[in-house]
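Residue numbers (this note's numbering), protein chains in the order written: chain A, 1318 to 1689; chain D, 43 to 277; chain G, 1217 to 1549; chain V, 13 to 195.
No lab work stands behind these hints, which were simulated from the structure alone.
Just so you know, even glycine gets a beta-carbon here, dropped at the ideal spot from N, CA and C.
Among the hints, a few may not be true.
[Said to hold, decoys possible] Calculated cross-link-like contacts (lysine-lysine; reagent style BS3-like; alpha-carbon spacing at most 27 Å): (1) K273(D) <-> K1372(A); (2) K1522(G) <-> K1348(A); (3) K1547(G) <-> K1522(G); (4) K1499(A) <-> K196(D); (5) K1499(A) <-> K1521(A); (6) K1524(A) <-> K1358(A); (7) K273(D) <-> K1642(A); (8) K196(D) <-> K1358(A); (9) K1521(A) <-> K1555(A); (10) K1372(A) <-> K1642(A); (11) K1531(A) <-> K1616(A); (12) K1248(G) <-> K1524(A); (13) K196(D) <-> K1555(A); (14) K1358(A) <-> K1248(G); (15) K1531(A) <-> K193(D); (16) K1499(A) <-> K1531(A); (17) K1613(A) <-> K1643(A); (18) K1350(G) <-> K1348(A); (19) K1348(A) <-> K196(D); (20) K1521(A) <-> K1529(G); (21) K1358(A) <-> K193(D); (22) K1601(A) <-> K1372(A); (23) K273(D) <-> K1555(A); (24) K196(D) <-> K1613(A); (25) K1643(A) <-> K193(D); (26) K1610(A) <-> K1358(A); (27) K1522(G) <-> K1521(A); (28) K1358(A) <-> K1522(G); (29) K1348(A) <-> K193(D); (30) K196(D) <-> K1521(A); (31) K1280(G) <-> K1524(A); (32) K1499(A) <-> K1613(A).
[To be verified] Each pair of labels, with its calculated beta carbon distance range: (33) K1348(A) <-> E1388(G): 37 to 47 Å; (34) V1262(G) <-> D1462(A): 44 to 54 Å; (35) I1530(G) <-> K1348(A): 35 to 45 Å.
[To be verified] Stretch by stretch, here's where chain G covers chain V in the computed footprint (C-beta under 8 Å, at least three residues): (36) 52–62; (37) 128–136.
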Amino acid sequence: MSVPVQCRHDETFVLNLGPQHPATHGVLRVKLTMDGEYIVKAEPVLGYIHRMHEKMAEDGNFAQFMPNTARMDYLHALAYNHGYCLAVERAAGIEVPERAEYIRVITVEMNRLTSHLLWWAAFLLDLGGFSPLLYAFDDREQILDLLERITGSRLTYCYFRFGGVYNDIDDEFIAGTYAFIKRLRSRLPRLYHDLVTGNIILIKRLKGIGMLSKEQARRYGCTGPVARGSGINYDVRKNEPYSVYPEFDFDVPVYNECDSMARYMVRMDEIEQSMRIIEQALDKLPDGPVRAKVPKILKPAAGDYWASVETARGNLGHRLVCDGKKNPYKLKLRSPTFSNLSCFGEVAEGMLLADALAFMGSLDLVIPEIDR
Amino acid sequence: MSIVEETRRALLVLFPELAAVEEEARAAAQAEAEIQAAEEAAAAEKDENEMDALLAERDAVRLDAESAKQSVAADEDNLEAAEQEDPAAEKKEKEPEEEGPRENGIVLTDHASRGTDIDVFCDPDQVVAAAGIMDEAGFFLEAITGVDWIKEDKLEVIYDYNQYGQEQCRVVVRTFVSRTEPEIPTIMDVMPSADWHERETHDFYGIRFTGHPNLIPILLPEDADFHPLLKDFTP
Amino acid sequence: MDTNIWRPILYLIGFMAFAGINAAYLGWCERKGAGRIQRRTGPMEVGFQGLLQPLADGLKLMSKQLLVPDGVDSILFRVAPILAMIPALTSMAVIPFAGNVQARAVELSVLLIFALASIGMMAVLLGGWASGNKYSLISAARSVSQNLAYEIPMLVTVITIVMLTGSMNLEEIAAAQQGGFWNWNIFPVASHSLAQAIIMPVSFIIFFICSVAETNRAPFDMAEAESELIAGHMTEYGSMGFGLFMMGEYLNMVVGACLITILFLGGWDGPLGLSGGIWWFLVKIYLLLFTVIWVRWTYPRTQIYKLLNLSWKILIPFSLVNLLLTAAFIKVF
Amino acid sequence: MQSAICQSAAGMSFFSAQGFVGLIFLVTIGLIIAGAFVATTSTRLVRCISGLAVCFTGVAGAYYFLLAPFVAMMQMLIYVGAVSILIAFAIMMATPEEGDTPGKKITRFSGPLGFAVSAMAFAALSLLAATTDWQVFAREGSGDMHHIGMVLLTSHSMVFELVSIVLLVAIMGALVIARRGRD
């Protein structure tokens, strides 16, 4: 592992990593105090893309906030759709038809695949491997085409509605999804694992780098693959089942190594699990309506409600405080990466710059989601 | 014992009055149960050791509770609150959300309809103790946020805790602070993740977390002196 | 008036033209190759298969203003890109492309190339330092430590070749390997002992790795590591300043490939005893260049300390053992 | 080439091949002087190093003119490539607040003293240059690799060994400095 840092205060300098830096994937800035190439202190500075979505939620009615949800985590926008829908449906007591639930699960999982594929691509780019980016995009495009067919958009979806989804899926989508899963199944071991996962340089760069212990992960509130890479068996889909997830047979990959490689492996395994879920959901897909009858203007009973979903990055929570009127009195968004990133300062201390960037990449940051 | 129940008991430390009242009720209930248990124990010998341990534990708890009772007189309202949380009835009952300020205490909420399991309401100076209990119980901090109750002229501060166990148990700790002088101690020393959440809440609501070493804007611009989520905020 | 003077000058002009065209079209080849590797087409818009793309890029670079930012050391800032280019260009002068296709026959041409390569390192150092940018500074420090570390095994490996051939003249070294690949230094079964033939591939691998590292190519491109240091020493450069750095890099790659070809792959000698010529030489260097490009688009980047460890803990000991064994074999057999 | 040197020194036409070589010789000497000037007068350390590197390059050229191509190459390889870079390294490791503390010990004697010392050195070297019986034609092959190798391992082997001791001491010193603070 890394050589212990000798802190010679007179020889440190401050390096501004970002807000425009290729490895921060957006506009994150990290103020690094460096001793040579070793990091003495790392201080993430957030807020460069802050848009105050929570205030926007208070201004319009419940449905009007729906498009905003996709603008936060643009890589797993459907999970944000889902989380917000769950919160509002819980508040207003709306029942969702079963077919709609299945479609939700299918699309959310497909979106999770795109998110993980993009993460994989960008992570390899952080490590200096450029080609995997295009392999992953190749696959990702196929999902985006399929999703575009039924949702109408490719990135910032606004597909879910209170009480269902906007549009039913058709046979072509189902056939295309089956075909895609078959294709990804064949490419995954050869292209992804043989070429990249088994690569000695990759292993050397990730093994033992960015150790985030189980206790640290808990104290910083890490969730999602970051927590699962630290040996925490926590997945909202299993621990706090929502939608129709309990009906599917899937595993939660957990690795105990606590390093960047573990987080990498968790996500690679999750791709597998998501494909399993999609397949099962397509097999079991029931008939029926895809949208319940819901009044145009919702006025949920006063009170506060919480809904959590598992996004590609972890536990996304919506706290909805209602006062009986047609707009949310308050909407709190608990974004997973906000908590996941908060451990960066402590973990990056004493690391080499290159290792810290590898660690940052393994956290899978989506800046608009952190800044909201 | 379910994790919800366990956590609730742990949190009762915050409210000695409630704890005392509840302990009394439970002691009465358990005295009956003891007789039954003794009969059962005779039937199944291997259970005996377990029961001994249980009894010992209960005695210890009762001693604690009694000492607490001597120091503080339980008042009628608390008695009522405690009765609502009768272990037998707690699951079925759905706590209606009260308008306005609420009495301190612990309310169990229905997860399916609320998304939370335990709702704790405490004084501002108790949040650190609550965080300590949560930390000890292995919980992690999900979020900190505020709500501006402008009509009541109060700010609510909400702490969400969750845990990684297979059984679900989400704990909400709430407290009210005054709107003009919003101040609350920081829980950063207990939960390092609170650092950013508190800064964010300070950004949006202007709530000062006393003892926070670095309470500078995190999401707002560094020179921001406005708090956008206050209801009377005009851009 | 003898031709001795004009020959190098004419060659130098030729090399300059070659440097420009080579950098442009090697760049094009790299983009096309990367495109093939990544299942896309690469440049397609300008000209047939994007063949005029390098021209367009060159025009764009040349027509841009040479920007000298505030706070840079303006003299060194301007000197650095030239320094990246000149030594590589000069070392082309002593490379024998075929029997007598050589600008200037120099007795110590191997040494000359290494001497010039060490100046090339100054370019990165000065460019990184003069930019006054912290990323560039880190890049300068990295490239210096990397070059120092990799020059040692490289030189030690060259010594084995020099000992085998008994000459520091590239032409003589190449001439000694004529007559089929079994005479080449990479596996000299015919010209040297079998024991020597077994250790020479190791030398070749060491030399290849070192030359990739010396030319700052992926996976050893620590100095420009775009995801860590943005572009390292090139961060502050635009227009032809950047263009010169790029040309210097490609030219360095060519020089490295030429060296490997001459030292290990028999220079202009045709394999299987075919008649040699400059074409074989070009085929070999472009095959090597393709390998370097291939490696770049396949592997992720290593990390600077692992890179240095590779040199100090693996390559240097191996190359020293190699040297000792070679010396022993020469004495024994 | 020998002829080129003496002929250009004798003032042949500038446009002949000999004149060209003479021009290169003058450039070499110019490099040495300019490099030395920059190295000693510049206030920025990196420029000093660059000047030093230029000076070394010029010296390498001078060696080449002295029919010692091997030494010339080694001069480039070791002094330009390694020593200058090492000095740059040393500066990188040194404290950055160099600008605040330099040369505080300058007294009014410093200037005259420096002048006197350099004048004496200059006089001595000039005297030496003037009185030496210069051999215009160096012995053929005395500067090439084989000869140097033979000489180093036979008649001058003592010097060779002593050089290696110097290197050993240097390496140990470097290790001591590098390990400090990393206990």
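- Query: If you check each hint against the structure, which ones fail?
  - Reply: 3, 4, 5, 8, 9, 11, 12, 13, 14, 15, 16, 19, 21, 22, 23, 24, 26, 29, 30, 31, 32, 33, 34 and 37
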